[in-house]
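A.B. asks: Sequence:
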Amino acid sequence: MVARRNVALSDLQRPAPGGPSGRGCAAPASGRDLGSRQARVAGLRPDPISFLMEPGFDVVTGAFSYTGRFIARRLLAGGRRVRTLTNHPRRPGAEDIDVDVAPLQFADRAALVESLRGADVFYNTYWVRFRHGGLGFGDAVANTRILMSAAVEAGVRKVVHISVSNPSRDSHLDFYAGKARTEEIVRESGVSWAVVRPTLIFGPGDILINNIAWLLRTMPVFVIPEHGLYRVQPVSGEDVAEIATWAAGEAENNTVDAAGPEIISYMELVDSVAVAVRRRPPFLYLPPALTLFAANAVGMFVRDVILTRQEVEGLMEERLVSHEPPRGKQRVDDWLLRSADSLGRRYASELNRHW
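Number 222 in our numbering belongs to position 222 of the sequence shown; there are no gaps in the numbering.
Honestly, the hints are just simulated from the structure, not real lab data. None of the hints are false.
Simulated restraints, written as ranges between beta carbons of each label pair: (1) Gly138 to Gly56: 30 to 36 Å; (2) Val275 to Ala110: 50 to 56 Å; (3) Glu226 to Asp108: 44 to 50 Å; (4) Arg81 to Phe283: 45 to 51 Å; (5) His323 to Arg117: 34 to 40 Å; (6) Glu318 to Arg345: 26 to 32 Å; (7) Gly138 to Arg279: 39 to 45 Å.
None of these values were measured; they are calculated from a predicted model. Heads up, the beta-carbon is just placed ideally off N, CA and C, and yes, glycines get one too.
From just these sequences and the hints, can you work out the full model?
C.D. replies: Here it is in structure tokens:
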């Protein structure tokens, strides 16, 4: 069933009963028009507005959440009609996004097919950040398979799958191995596809950087795993949405990174947040295990999962750095300074947002 905003839904994130890559290359030329080819030769992204203005509707998972919200807003601004598959139709701010609403119900595949039927592009942002409430990375992979099979049966023209930078099927980190498996599901589906691999996404509604700011504002010390010199390459949510909608208009299947214009160390990122919020407590450099212990202690206080082992190890392995020319334009320090007054004023709970 499809409805307008704010229909009452139960928790529908559970997997259906019975179910538990190398680097991407630069985007290939589409051959659609001379301007598009010239822009790519110059290292620029073609303007996706012409694609956005075409008639039809698109489906976005989690349009009231984080990454999906950026994509939905981009599509709506381009004149597209949007339907979202979501478990949280009453999330704060949902009333500001004019979309059709359907439940993200993995146990009812037929309903998923009907929700996707007639869609031109399916933007899939679905994933889980960590294991919780009986739902883990293996379940998220199985649910992605359900989504893809439903999209194929519904006749969706193209799937744009939001993955993560540097996924690897043989990674010892289940987060990145699981992401690689979902990419394989998308590529093997038989439908036209694009895979977009963001690094560290920042922007309004951010949890990670907001909570770094909250810790800097409230704690007597700020804990950093080891030396803090491992690198990150933040990308704005708006840039991710632009890259995703551009990829949707490409004729060929492609895998592209979504990364910002700067590569900085994690310590430089924290320093930039500290400058923005005008408070820099002493930094305490600890081994990863003790960092997680400290994060768990604060997590008990705020009743949330602040940091996971998968995230710490992925960060220290520099998995949030792209090996492609950057497609993002916005700098994280510019956004931090613009957002300084509100950033970190309140703790942002992952569990409250998604569970």
